[in-house]
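Visitor: Chains as they are written, first to last, in the working numbering: chain A, 1 to 114; chain B, 1001 to 1112.
Calculated from the structure, these hints are not laboratory results.
Quick caveat: nothing in here was measured; it's all calculated off a predicted structure.
A couple of the hints might just be wrong.
[Stated by the list, open to error] Computed Cβ-Cβ distance ranges for the label pairs, DEER-style: (1) 68/A x 1058/B: 39 to 45 Å; (2) 55/A x 1009/B: 17 to 23 Å; (3) 1047/B x 9/A: 19 to 25 Å; (4) 1067/B x 41/A: 24 to 30 Å; (5) 1112/B x 76/A: 42 to 48 Å; (6) 81/A x 1014/B: 48 to 54 Å; (7) 60/A x 1047/B: 21 to 27 Å; (8) 1047/B x 38/A: 21 to 27 Å; (9) 38/A x 1074/B: 36 to 42 Å.
Backbone N, C-alpha and C define an ideal beta-carbon position, used for all residues, glycine too.
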Amino acid sequence: EPEVTQTPSHQVTQMGQEVILRCVPISNHLYFYWYRQILGQKVEFLVSFYNNEISEKSEIFDDQFSVERPDGSNFTLKIRSTKLEDSAMYFCASSETLVGQPQHFGDGTRLSIL
Amino acid sequence: AQTVTQSQPEMSVQEAETVTLSCTYDTSESDYYLFWYKQPPSRQMILVIRQEAYKQQNATENRFSVNFQKAAKSFSLKISDSQLGDAAMYFCAYERRNDMRFGAGTRLTVKP
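Just chain A, same shape as in the assembly (with noise of 0.2 Å):
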């Protein structure tokens, strides 16, 4: 069964600095997501993306967030000068065109900001 693939499943990066979390989504899929989890809090969405376009992000996508697709695979998150705050494990999901399609998820990438 086709996957979501994340990589890498965990990032070290000192406060400031920028970190670029990638992931390819399931290949025939369109709409893709970002999602965060910080430990011991629930799963909060960040971003939708459709068409090479934000469709819907949450009121934490700031400045400081941005995404992109590069090329025809992978679908990147861009954290701009981290800060401790954004230690979490970050989700990418992917689904059908659809809305309410389900949404199938990577294993996630567990950022760890020091």
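Using the hints, position chain B against chain A.
Guide: Below, chain B alone, put in the same frame as chain A:
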């Protein structure tokens, strides 16, 4: 903003027994989708079951079924004949226009 509440941080069930996980949500919309996702220790979130708000019939997927009460904004998950592999974090989620909101999760333990 839509909120999703799971009032049970932890639940426990004996193997082969039935357990119900609670979820309530707050929305002013009439057209939305509800999901239950399972997150085992391996971290990947897996879809368990999905419900369209416009459908009155409760969704069922093998041993998993929901009790969807739209007026009460309640969406509980029933797991029948619980198995050891059902042990995981379970997240209730609300989606509208590709914006998905999750509850805080319920950790389910299955006792042999």
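Visitor: Are any of the numbered hints broken by this structure? If so, which, sorted upward?
Guide: 2 and 9
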